[in-house]
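Protein sequence lines correspond, in order, to chains A and B. Counting in the numbering used here, the first sequence runs from 1 upward without gaps. Counting in the numbering used here, the second sequence runs from 1 upward without gaps.
Keep in mind the hints are simulated off the structure, nothing from the lab. Hints are supplied without guarantee of correctness; some may be wrong.
Stated by the list, open to error - Below 30 Å or equal to it, Euclidean Cα-Cα: the simulated DSS-like pairs (lysine-lysine) are:
1) B/Lys41 - A/Lys77
2) B/Lys14 - B/Lys41
3) B/Lys64 - A/Lys60
4) B/Lys41 - A/Lys56
5) B/Lys14 - B/Lys66
6) B/Lys55 - B/Lys14
7) B/Lys64 - B/Lys14
To be verified - Where chain B lies over chain A, by a calculated footprint (3+ residues, C-beta under 8 Å):
8) 11-25
9) 64-78
10) 103-116
Remember, predicted model here, so these are calculated numbers, not experimental data. C-beta atoms are modelled at their ideal positions from N, C-alpha and C, and glycine is treated no differently.
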Amino acid sequence: GNSVTQMEGPVTLSEEAFLTINCTYTATGYPSLFWYVQYPGEGLQLLLKATKADDKGSNKGFEATYRKETTSFHLEKGSVQVSDSAVYFCALNANAGGTSYGKLTFGQGTILTVHP
Amino acid sequence: GAVVSQHPSWVICKSGTSVKIECRSLDFQATTMFWYRQFPKQSLMLMATSNEGSKATYEQGVEKDKFLINHASLTLSTLTVTSAHPEDSSFYICSAKGRLGDTQYFGPGTRLTVL
């Protein structure tokens, strides 16, 4: 079956530090990959996505590259801010011939706390 | 664009009553809507998938008679928690997907507390 594994948190960083949150996946077919962010008390917001191998998704200074050879989609940011404190979810859509209706499989989430 | 709203944002009810949660896509037609449940500090658990005009598909272990889902139009889906009990207390999140593409857009969630 499909699965997503994220690095365990919580992750605590100082402002302007470099961030990496690891994400690896197993899936049949050719999945699309996503990073979602959830701020306290809110729903999920799409942060970035990549739909095929070697694609790089980017948004708000965050980046992730779809690596098929290592089945990974690690999230990175060069300089984090206090406002980046949130829970980050890696997810995949297996696109199983269109029959999945776009069902997402989520990782367990990684809590990020950034201190001033 | 791609805004999804939920109503109410929070609700408190007595045990045994039913609660309806609405999910609306405000600026696009949602051919497919998804309902998730999220426990504190945990990931999202998909409950069911609904396509406009057809019956919802429930994930294994989710009681369809307990969690009634209606997707009557391309912009509205409802989740009704029937005969709610304290163990149903949770954060319920919907998402919506348009006809093209595979990106889901999430609502802000509804916090249900059953006393």
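Okay, the hints, checked on the actual structure:
1. B/Lys41 - A/Lys77: holds, 23 Å
2. B/Lys14 - B/Lys41: holds, 25 Å
3. B/Lys64 - A/Lys60: Roughly 40 Å separates the two Cα atoms, so the pair is violated.
4. B/Lys41 - A/Lys56: holds, 29 Å
5. B/Lys14 - B/Lys66: holds, 16 Å
6. B/Lys55 - B/Lys14: holds, 28 Å
7. B/Lys64 - B/Lys14: holds, 21 Å
8. 11-25: violated (count 0)
9. 64-78: Our answer is that it is violated, as 0 residues pass the Cβ test (under 8 Å) against chain B, missing three.
10. 103-116: Since three or more residues must qualify, the claim that chain B covers the region 103-116 of chain A holds, with 7 doing so at under 8 Å.
Hints 3, 8, 9, counting from the list given before, are not met by this structure.
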